[in-house]
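Protein chains in written order, with UniProt numbering: chain V, 1 to 414; chain A, 1 to 102.
Hints were generated in silico from the structure; no laboratory data involved. Certain hints may be false.
In silico BS3-like cross-links for lysine-lysine, where the CA-CA straight-line distance does not exceed 30 Å [to be verified]: (1) A:53 x V:62; (2) V:347 x V:399; (3) A:53 x V:170; (4) V:124 x A:53; (5) A:3 x V:387; (6) A:53 x V:200; (7) V:62 x V:51; (8) V:347 x A:3; (9) V:408 x A:53; (10) V:171 x V:366; (11) A:59 x V:380; (12) V:390 x V:317; (13) V:380 x A:3; (14) A:59 x V:317; (15) V:366 x V:390.
Note that the structure is predicted; figures quoted are calculated from it, not measured.
Each chain, letter by letter, is given below.
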Amino acid sequence: MANNQQNCIVIGASHAGVNLAFALRKEGWEGAITLFDTDPTLPYHRPPLSKAYLTSDDRIEKNLLKSADSYQKQDIDLNLGVSVSTISSTDNTITTSDGNTHHYTKLVIATGARPFIPPIPGLKTATNLYPLRTAADVTNIKTALHASDTKRVVIIGGGYIGLETAASMKKLGATVTVLEREERILARVTAPVMSEFFQKLHAENGVEVLTQKDVSNITSDGAQNIVHCADGSQYPADVIVVGVGIRVNTELADAAGIKLENGIPVDEAARTSDKDIYAIGDCSFHFNPHYGRNIRLESVQNAVDQAKIAAASICEKDVSYDTLPWFWSDQYDVKLQMVGLSQGYNKILVRQEPDEGHKFSVWYFKDNTLLAVDAVNNAKAYVVGTKFIKGGDPIDQTKLVDPNVEFKPANLII
Amino acid sequence: MAKITFITTDDENITLEADSGSVMALAVENGVQGIDGDCGGVCSCATCHVHVKPEHMSKTGDASEIEQDMLELDDNVNEFSRLCCQIEITEDLDGLELTVAG
Chain V
1 MANNQQNCIV IGASHAGVNL AFALRKEGWE GAITLFDTDP TLPYHRPPLS KAYLTSDDRI
61 EKNLLKSADS YQKQDIDLNL GVSVSTISST DNTITTSDGN THHYTKLVIA TGARPFIPPI
121 PGLKTATNLY PLRTAADVTN IKTALHASDT KRVVIIGGGY IGLETAASMK KLGATVTVLE
181 REERILARVT APVMSEFFQK LHAENGVEVL TQKDVSNITS DGAQNIVHCA DGSQYPADVI
241 VVGVGIRVNT ELADAAGIKL ENGIPVDEAA RTSDKDIYAI GDCSFHFNPH YGRNIRLESV
301 QNAVDQAKIA AASICEKDVS YDTLPWFWSD QYDVKLQMVG LSQGYNKILV RQEPDEGHKF
361 SVWYFKDNTL LAVDAVNNAK AYVVGTKFIK GGDPIDQTKL VDPNVEFKPA NLII
Chain A
1 MAKITFITTD DENITLEADS GSVMALAVEN GVQGIDGDCG GVCSCATCHV HVKPEHMSKT
61 GDASEIEQDM LELDDNVNEF SRLCCQIEIT EDLDGLELTV AG
């Protein structure tokens with residue numbers, strides 16, 4: 001019998017929130033499920049936004065997390081274009097931008113993050129300047145590019161979003177320049193050998209990637225912009241994409257009295273300090289048992305897996321989050337797959353597959369413990385790395401880098 | 001139009017019809033238990049593993065190299081394994097039977 005008294009409210013309907021809603025039904029939740037998101041578009045896959053979705057003419061309907069019918073079939077109440085204004089944890093209610101108050105039995109904060117827009121003079125008045133996180137951002141970028149004759153694109157930030165966007169815009173016929181402030185691209189997330197590889201890959205594909213370029217201001221005459229750097233260099237731009245990181249959306253949780261750290265701290269079942277409130281996805285600060293520390297992750301894997309854990313916990317199952325993080329990036333014909341967290345490494349080994357330029361893997365160790373693997377066009381390395389990190393077996397490092405040793409876990413165990 | 005049957009780990013038989021898109025998308029759309037497709041269909045997550053009925057392997061063809069490598073993530077892999085995000089629906093698939101590897 002349906003229990004209509006219970007209501008699980010989910011703030012944020014992207015990978016984390018939507019997967020949580022469907023996982024709740026699978027776990028047997030019989031109460032109401034009410035999802036809210038400020039984005040008016042039916043929830044969609046975000047990773048393709050900077051990749052296939054940007055370069056194709058597909059409509060967002062081809063890219064949905066779930067069809068509109070699926071929400072109805074599972075009796076999930078999806079409220080789009082509605083923002084949540086406040087959470088009252090004392091009487092278990094939220095208020096929304098349309099003036100309504102809703103009571104919750106359980107509340108899930110899946111508010112994610114928003115692009116960080118740096119305080120660069122002239123940025124706010126620049127023409128055709130966008131971040132890239134939503135379907136609407138992509139529409140704006142595409143529209144601006146199509147309307148431009150010269151199609152000069154400047155991308156501020158040489159992280160994954162910036163580089164994927166650069167590759168996609170190049171494919172669309174743009175002249176692309178990436179400006180990175182640090183000494184190398186992807187500096188925060190990979191080893192120098194990976195930065196060098198991607199720098200070269202973009203150069204080979206005709207995209208100019210420039211490092212140590214600190215954007216100081218942007219001037220605009222209404223039609224085109226000039227991006228000025230601290231070293232005096234200038235770059236004309238018809239379209240500017242900003243990809244310099246994110247800020248976690250913690251304001252609602254903060255106002256509700258939940259204590260914050262690097263995101264919203266949660267326990268092994270994704271519960272916050274309030275027993276009726278969970279936090280999942282990009283906004284959650286959680287313990288990872290593989291690395292023995294608290295982390296915050298910006299990834300689909302974490303959003304989906306934490307959603308499943310939280311759903312089970314809401315349905316009173318005893319669960320504990322212990323997944324190994326993984327990520328991917330596609331640029332040109334290169335498929336990068338990453339597993340684990342490389343932070344804290346003190347040794348790197350590179351395995352280059354014979355006779356194949358763009359097929360190699362980078363293995364991050366702390367002493368003799370394997371922390372992470374970056375696999376370039378090499379799913380085998382990704383899979384072998386995953387097995388070793390999960391299993392914890394020591395790895396024969398001499399055999400690992402010997403391309404004549406067949407890439408199988410059994411061959412690499414000491 | 002192709003009819004495709006999924007046999008879930010709970011031994012539920014679900015027959016679905018479609019004329020395009022990937023087999024993974026069809027399964028996710030219809031809530032087939034055990035097919036998650038977390039990466040959206042780019043062969044990056046191995047959460048859409050199925051075993052093709054042996055006599056139907058000629059309909060689907062074999063897994064590509066990257067797909068074979070990704071399948072190794074799952075201990076339940078065998079010669080009939082596919083990641084169904086990599087199987088495009090065409091009329092040739094009509095009658096296909098897939099067991100969800102779970």
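Hints, one by one, checked against the model:
For the hint pairing residue 53 (chain A) with residue 62 (chain V), the CA-to-CA distance comes to about 28 Å; that is within 30 Å, so the pair holds. Restraint check: the Cα-Cα separation between residue 347 (chain V) and residue 399 (chain V) comes to about 16 Å, which is no more than 30 Å; the hinted pair holds. A threshold of 30 Å between alpha carbons decides the hint, and for residue 53 (chain A) with residue 170 (chain V) the separation of about 43 Å lies outside it, so the pair is violated. Between residue 124 (chain V) and residue 53 (chain A), the direct Cα distance comes to roughly 58 Å. Violation of the 30 Å bound is thereby established for this hinted pair.
At roughly 36 Å between alpha-carbon atoms, residue 3 (chain A) and residue 387 (chain V) are farther apart than 30 Å, so this suggested pair is violated. The hinted pair formed by residue 53 (chain A) and residue 200 (chain V) fails the criterion: a straight-line CA distance of about 45 Å is larger than 30 Å. Between residue 62 (chain V) and residue 51 (chain V) the alpha-carbon distance is near 14 Å, which keeps this suggested pair within the 30 Å criterion. As the CA atoms of residue 347 (chain V) and residue 3 (chain A) are separated by approximately 52 Å, the hinted pair breaks the 30 Å bound.
Only pairs whose Cα atoms come within 30 Å are accepted, and residue 408 (chain V) paired with residue 53 (chain A) is accepted, the gap being roughly 27 Å. Restraint check for residue 171 (chain V) and residue 366 (chain V): the C-alpha separation of about 39 Å exceeds 30 Å, so the hint is violated. Using a Cα cut-off of 30 Å, the hinted pair residue 59 (chain A) and residue 380 (chain V) holds, with the two alpha carbons roughly 26 Å apart. Distance hint between residue 390 (chain V) and residue 317 (chain V) is fulfilled; the C-alpha atoms sit about 24 Å from each other, no more than 30 Å.
Of the pairs offered as hints, the one joining residue 380 (chain V) and residue 3 (chain A) is violated, with about 33 Å between alpha carbons and a cut-off of 30 Å exceeded. With a CA separation close to 41 Å, the supplied pair residue 59 (chain A) and residue 317 (chain V) exceeds the 30 Å bound. Under the criterion of a C-alpha separation no larger than 30 Å, the hint pairing residue 366 (chain V) with residue 390 (chain V) is consistent with the structure, at around 15 Å.
Hint compliance for this structure: hints 3, 4, 5, 6, 8, 10, 13, 14 are not met, and every other hint is.
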